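Per the numbering used here, the sequence shown starts with residue 6, numbered consecutively.
Hints in this document: simulated from the structure, not taken from any laboratory.
Bear in mind that the values here come from a model prediction, so they are computed numbers and not experimental data.
Here a beta-carbon is modelled for each residue, glycine too, at the ideal position from N, C-alpha and C.
Any given hint might turn out to be false.
Said to hold, decoys possible - Simulated DEER-style distance windows between Cβ atoms: (1) 52 to 90: 15 to 21 angstroms; (2) 83 to 119: 16 to 22 angstroms; (3) 84 to 111: 18 to 24 angstroms; (4) 146 to 107: 21 to 27 angstroms.
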Amino acid sequence: MADRQRRLVVGAIIVDDLAAPTRVLACRRTRPEAIAGQWEFPGGKVEPGETPAAALVREIAEELSVAIEVGAELLDAAGGRWPIDERYELALLLAALAPGETAVAGSDHDELRWLTGATLDTVDWLPADLRALPRLRALLERERGFA
């Protein structure tokens, strides 16, 4: 990121409870071919003029056909966002399904799975999401949730 700023991508860490999360929703990619079969926190690129939270609400509605409530951002140990590569950085935001909503796999994902802190390592995560697992595990295993 020497001369230009990375483009922002958002990912939803969809948890069972924003106040005291114990499980997170993982989604298995169907495309592009290079990452098909790997697991991620769903989301996508932030469009010009869009806030990260608004982008996340839009992307999750498109990918999982659900409404979400957006919570706090999960930052890296240095208090920053997660680099993807030289062009993109990832903002991971906690989210919860809106009351009455049930996520369904669509064209971007062929399987959805709820994981606990103990089962986070049972799927093959995309590299950018994989880096966030230690902080997420600590969050899921805390008695009081994210403060």
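Consistency of the hints with the structure:
1. 52 to 90: 15 to 21 angstroms: Distance hint for residue 52, residue 90 holds at roughly 19 angstroms.
2. 83 to 119: 16 to 22 angstroms: Given a distance of about 29 angstroms, which is not inside 16 to 22 angstroms, the answer is violated.
3. 84 to 111: 18 to 24 angstroms: Roughly 34 angstroms apart at Cβ, these two residues miss the hinted range, so it is violated.
4. 146 to 107: 21 to 27 angstroms: Roughly 25 angstroms apart at Cβ, these two residues keep to the hinted range, so it holds.
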